[in-house]
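So the protein lines, in turn, are chains Y and B.
Residue 1 is where the first sequence starts when you use full-length UniProt numbering, and the numbers rise one by one after that.
Residue 1 is where the second sequence starts when you use full-length UniProt numbering, and the numbers rise one by one after that.
Source of the hints: derived by calculation from the structure; they are not laboratory data.
No residue lacks a Cβ here, since even glycine has one placed at the ideal position from N, Cα and C.
Be aware that one or more of the hints could be misleading.
[Stated by the list, open to error] With a straight-line Cα cutoff of 27 Å, these simulated DSS-like cross-link-like pairs (lysine-lysine) come out: (1) Lys385/B / Lys424/Y; (2) Lys367/B / Lys687/Y; (3) Lys296/Y / Lys52/Y; (4) Lys424/Y / Lys465/Y; (5) Lys374/Y / Lys344/Y; (6) Lys343/Y / Lys374/Y; (7) Lys275/B / Lys235/B; (8) Lys385/B / Lys273/Y; (9) Lys296/Y / Lys424/Y; (10) Lys319/B / Lys385/B; (11) Lys419/Y / Lys385/B; (12) Lys296/Y / Lys319/B; (13) Lys296/Y / Lys385/B; (14) Lys687/Y / Lys337/B; (15) Lys319/B / Lys419/Y; (16) Lys317/Y / Lys319/B; (17) Lys296/Y / Lys282/Y; (18) Lys456/Y / Lys419/Y.
[As the list claims (entries may be wrong)] Quick list of the computed label-pair ranges, beta carbon to beta carbon: (19) Gly255/B / Lys424/Y: 55 to 65 Å; (20) Ile323/B / Pro361/Y: 43 to 53 Å; (21) Leu341/B / Arg364/Y: 50 to 60 Å; (22) Asp115/Y / Tyr326/B: 24 to 34 Å; (23) Lys419/Y / Glu270/B: 47 to 57 Å; (24) Lys424/Y / Thr57/B: 53 to 63 Å.
[Unchecked claim] Where chain Y lies over chain B, by a calculated footprint (3+ residues, C-beta under 8 Å): (25) 314 to 327; (26) 380 to 394.
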Amino acid sequence: MSTSSVSKGCFVFKPSSKKRRISSSKADYFSQGKNDSEDSGLRFASCQLLWKQINSETEKIQEELNKQLFDNLIRFLRQSHSEFQTKTTEWMCRMKSSEIPTAALVLGVNVTDHDVTFKSLSEVLQDNVTPYVVSLQAKECPGIKHLLQKLMGQLMDCYVDADSSEEEECVNISQKKIRCSMASLSKWYENVTKKTGSETPSKKRTSSSRHWQSPPVVVIFKDMEIISSQHIHEFPLVLIFGIATSPMIIHRLLPHSVSSLLCIELFQSLSCKEHLATVIDKLLLTTQFPFKLSEKVLQVLINIFLYHDFSVQNFIKGFQLSIVEHFYSQPLSVLCCQLLEAKKRVTSLSHNQCENIRSLPSFRRYVESQVSEKQIALLTEDSFLKEVTQTLLEDLHIYHENYFTVLRCLHVFTTSLPKYPLGKQIRELHCACLGKSVWETEEYESAIQLLRMLAKDELVAILQKCAEIFISPSGKQFSNTVEKLEEFLARFQNLEAEANEVQDVSVSSQKELQKKTDLYHLQKTLLALKESKRSKKLTKFEMLRFEVVDFIDSLVRSYLAPAEMQTLNEVVYFNTANTLREHLNAAPRIALHTALNNPYCYLKNQTLKSDVGCISNTAPDICIVYKLHLECGRLINLVDWLEAFSTVVTAVEGTDPEAVATDQVDEIIHARFIRAVSELELLGFIKPSKQKTDHVARLTWGGC
Amino acid sequence: MPNFEHPEYPEATLLHLESMVPCRESQVSSLLSIFGERQHFSFPSIFIYGHTSSGKTYVMQTLLETLELPHVFVNCVECFTSRLLLEEILTELQSLSSENKHGSHMPCDTFNDFVRLFKQEIIIQDLQNQTVYIVLDKAEQLREMEANVLPGFLRLQEMTDRNVTVVFLSEIVWELFRPNTGCLEPFTLYFPDYSIGNLQKILSHYHPPEYSADFYAAYINILLGVFYTVCRDLKELRHLAALNFTKYCEPVVRGEANERDTRRLWKNIESHLKKAMQTVYLREISSSQWERIQQDDGEPGHLKGLSAHAHVELPYYSKFLLIAAYLASYNPARTDKRFFLKHHGKIKKTNFLKKHEKTSNHLLGPKPFPLDRLLAILYSIVDNKVAPTANIFSQCGTCYTDWKEPCLLPVPLMNRSAGVLFLPWHILPQETKDHLSCDTPAFNLGWS
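One chain only, chain B, in its complex shape:
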């Protein structure tokens, strides 16, 4: 007795479908009932969301392919502009009728064109009396396109007056999509995360042909025991399982243990898996390197991971410039006199400490600082005299661009001062140029 019941499709197909989508039966059956029969009009748009690798794409693809429904599958990441997206959909639609594999290119600039061409194409392909499905994978990207794309797709059925359903697949909830101007609400469907039991079931489902299912299931059990606490991503787990399986089989291959001797196998694999967690899982070393280590049976100790090369050597002044920038962004400006001046006045200790105790500057994060402060600190922390040469000024610019990402420092508020004017202007990014419009004096440094 199959779980899925549908008058439209033969029982064998449904049974096959069920075997293909383990642990997703309830979602599939609700989707089936929404789709209805081929010629029925369905919801204009369906929104499916769930965490990474919860089977959204896979389920949709298997469902549409097994039932042989006319569909177009497009990854929105691939089409980074709306034009590419629309054209891609049209070309895929063309190739539905299989004779013409590479459909001729259709230029389509606007959504209006798309609706027109879409209608034409439906007639050409003779699809008027069945539902056409357009699946947009990674639909988050739609938010970054023109404002009319998302509402347009939501109303595609109404606009084209054709039997079409748009399915959105996304990792984030619908609330984050909803445009300010309002739109047609889609039918939302949630794909929950796989539980540990589900993972076990799915992973052991695809066992290698040489070994029995029980043997592989025992292996998966051990694997999940090690990795489940850090990783629930099915794809990643499957990858790790494949990588380490040969090691697990080793005693069996050598004839030291039989397939039922789980304790011995466990002893053999456990430390190995833990090592894998520290290296391969974090991508410290690549999986091909990991495989090579397994083959050579060597210790991974001699292979240094990516983080082992974290040491960076910098030219003398660049190093100090970086230190100065760090100091400038974390120390409040009023402490500069105390730290960097030889003969600073007396400081009321109690007052100073009290203020300091309140919050750690590191918790507050880096703060912006003017360029002149950076240079002043640089001149004071370098032992010998620093000539204010073009080489140093130009590095202020590069340091700026470098810092934006690694989060060591904030965007220093550069000023429209002489110091900055000497930076090679063209290398500065646009944002810096914008920052350069504020006016704080910075020129009196480097002379004294």
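Looking at chain Y on its own, in the form it has when it is part of the complex:
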């Protein structure tokens, strides 16, 4: 928009009417940017659908994982005030100092994940235990006043929810500014129980769940507990602390006088690593969702988790980002849906999309492997291409089904090995198999070597587990494999007698070995032993073991081929790890340097495109100043700097450089220079120096 004003000034532009805004929905953003975007609407729809499914799946996982913890907690809460309800006035109760039941919830170091847990916890509590649940966050309550205000506010609101007929009264209370003190809280409670007391007296119990997230803020609660204990008899209160580090922090933060008033019980949630393992197992290692992550992308996400934050929530967010990015950037992602649907969509592909398929590297590889007539047909006839695509998609689907089954089977084998050459977790194995042909790696080699040395009972146990995996519904195609495995198991059972004999032999040779003390003799016997081993016929058990290992090896070779080798893998695999890294694990210093050194990278202005090393005069002032300062030493003379700056800037106008040199520097250029320098100072590249007048000190690269 432009203004037709003569004078300078601020102009308010009212946002355009609401209707227009609504029309540009999220889906439109999806189609923007890419000119050759195909089926963007469909892609957007399938992206939304997929995310919805995945989201509900993650929620389900979370719920299952938290179930045990919540059950324990609820039992604790129910018990904690049973005394209060029965109103026992025995000697014991009188003598005991009244403690506040407190649940300490250890939730792992990442606090962002706690929000979700607490949200679902308070929902569960509201449903099962009491309508009065208050959840306070440390950062929301910088002082005891705020804390109580929040607490009262949330309680009163709950009250409104619980009994809407009382609404008017509550509004009155909040209007005349609630007096926030424990006494009034207690009175309020009395009121509520009196009114509803006749109906459900046993259910009235208040538990205020307090997340105390970053430990330093907790000190505020110090006084709080002292007060509470006096009111406990009239006011049943349960505290729930969320702890990120270790429960010892309670003792460290609260003086003994306070912690002695708490009746703390500890609850530990599942470790975040186990949580992640479940999430990966349910989201990634399954054919339920068509979308897949490539090795590099998965590695980025896992690294962020392990190296930086331990946050499952962030991992899922990263996964979501990669879904969106995939559907946005890959036109063929329209086929990334359930197999039947995908086949249907193939038939309605446009010519452009067919060309897109043809340009896929994996498809080109496929074409090259075909006979020449078929090659021509594939490259020229769209209808034939669509047919082939359908079969290829089906192949891809079958590949995935087989892949995950065999992967789990191999995982059973590798976890039993010492030192875990292929990784302890299935995700490590998955990464190894995704990236390259796993059987070509050294680790696989050593794993197979170790497998050949497994003891019999171990091997049998593993084989049984594998058979279970193959029998499970996902492995339909493996009836042969199952038969083979069962045959192996049967043969192992027949072997027992021979196995004993072999042991005897080895024991006797061992004994011989121990007799010799002389080095020469020892060497000789060892050589002889070696010789005999080489020539010795393998026992039946060993032969069988070799057979089993070879069988597993053949399974791996036929089913665990890397995903990149599969035709049309680009449709379902997201593999631009760089984009993901830029978004999730940004490097601000590097980004800043790139921006200042090569503004084209961000501004995308053709005139800024320049060779490395030379200073373009069309660049923003701060870039020119930055580049000039790179050439200076520790201390920068401002006058020289200004001169260099004005030389660069005036070079555009094509004026005679000598004339400028003699004349005074233009006022405007001077001002621009000053502004650019102060911007650099703000960014922390330079600072004023006291050593020399008219100089500034450099703070980067050999500065200071």
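Got chain Y sorted already, so can you dock chain B onto it with the hints?
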């Protein structure tokens, strides 16, 4: 013959009072003589101090209630602002005449208002001709309120021109209260700690109705023998006594021993009490868990205390960041070159050691360090290359907030440098933002 003598009150009341306050007779009698008769003017303010659970609150409460004196009892911890405190006093005063249980709310913002409303209220309640007592429990909190509150209460009698006495109950001595500007000195009264004999007497006073006083006294004797060395807090002891009493009674209930068989009972309870000292007393496990163990007669071994969960798992870089911060705060900066550089110059061993021997750095405590040093150490102790990403920078900020409390590290002097500018600014506490104003360069790290 009662210990307390007072013409005002009937002998029966005084006798009752005496039975209620064991081991505090001398304090009560001096308080009685200070109070005088109902209509007498008393000291304008009385300051009572003594250790935790030396009976200050209890004695004051029993005294005022048994003698039916008009009084207001307010806990200063509960009223965290002066406004709340003043309003609370006024509401309590309103409800003195019992008809109106929940007195209507009186807004009272300043001490001036308070004096005015107080005078009104005295007239309404018809209390002009007897002393009204205002007891401020946990009076330490008054020091944190506005400067005029404490002197105001000290002079309340003079300002309102009414018969009123303010009683302060505190755990610290009056000298720590005295404002710089001077004030009216209160009458101070000290409540000494209970001796072991006193504790024995008070604890056995409240014996359970099912058992004889002698039996319970023997139990208390054993309990004190175990716990007296570590704990003299009456409340805590009473709590522990109640918790463990069922265990003590067990042989008697089962009929294995009679109430006089102290030796057997002692054998039964002693190890149990020692275990309690290591767990319940330290709040390693909660008292309800302790009770459950007693009921199940199980070993507490399977129940891990709070300290058993001290192991904390951290993400890879966070762990190293924490180690780096520890090193930076305890090692002097001049040793960095020696420890973290591969090709450091020669160091004169003798000189180095001599300086080192003087004082242990751990005794001196952690020292502040610049952010760039922290990052430099981090880059050198992590094996592979660390990319200076936003995730690491943002953790510098969280580490800072975490360290402030657990005392592992001091406040690192963060600089107004580029490194810090990238921290999510809003998460930093105000003090950090203040620290960020000093200027030390920190930017040349992470590039090399």
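To see whether the hints hold, each was checked on the structure:
1. Lys385/B / Lys424/Y: 25 Å, holds
2. Lys367/B / Lys687/Y: 26 Å, holds
3. Lys296/Y / Lys52/Y: 25 Å, holds
4. Lys424/Y / Lys465/Y: 17 Å, holds
5. Lys374/Y / Lys344/Y: OK: Lys374/Y and Lys344/Y at ~23 Å, within 27 Å.
6. Lys343/Y / Lys374/Y: The hint holds at about 21 Å.
7. Lys275/B / Lys235/B: The hint holds at about 19 Å.
8. Lys385/B / Lys273/Y: 24 Å, holds
9. Lys296/Y / Lys424/Y: OK: Lys296/Y and Lys424/Y at ~19 Å, within 27 Å.
10. Lys319/B / Lys385/B: Holds, because 16 Å separates the two Cα atoms, which is no more than 27 Å.
11. Lys419/Y / Lys385/B: 25 Å, holds
12. Lys296/Y / Lys319/B: 25 Å, holds
13. Lys296/Y / Lys385/B: Distance ~18 Å between Lys296/Y and Lys385/B Cα, so the pair holds.
14. Lys687/Y / Lys337/B: 26 Å, holds
15. Lys319/B / Lys419/Y: Holds: Lys319/B and Lys419/Y sit about 24 Å apart, inside 27 Å.
16. Lys317/Y / Lys319/B: Given that 27 Å is the threshold and the Cα spacing comes to 24 Å, the pair holds.
17. Lys296/Y / Lys282/Y: With Cα atoms ~20 Å apart, Lys296/Y and Lys282/Y stay inside 27 Å; holds.
18. Lys456/Y / Lys419/Y: 19 Å, holds
19. Gly255/B / Lys424/Y: 55 to 65 Å: For Gly255/B and Lys424/Y the Cβ distance comes to about 58 Å; the hint holds.
20. Ile323/B / Pro361/Y: 43 to 53 Å: 45 Å, holds
21. Leu341/B / Arg364/Y: 50 to 60 Å: 52 Å, holds
22. Asp115/Y / Tyr326/B: 24 to 34 Å: 30 Å, holds
23. Lys419/Y / Glu270/B: 47 to 57 Å: Cβ of Lys419/Y to Cβ of Glu270/B: about 50 Å, so the range 47 to 57 Å holds.
24. Lys424/Y / Thr57/B: 53 to 63 Å: 59 Å, holds
25. 314 to 327: holds (count 5)
26. 380 to 394: Check passed, 7 qualifying residues.
Consistency note: the structure conflicts with none of the earlier hints.
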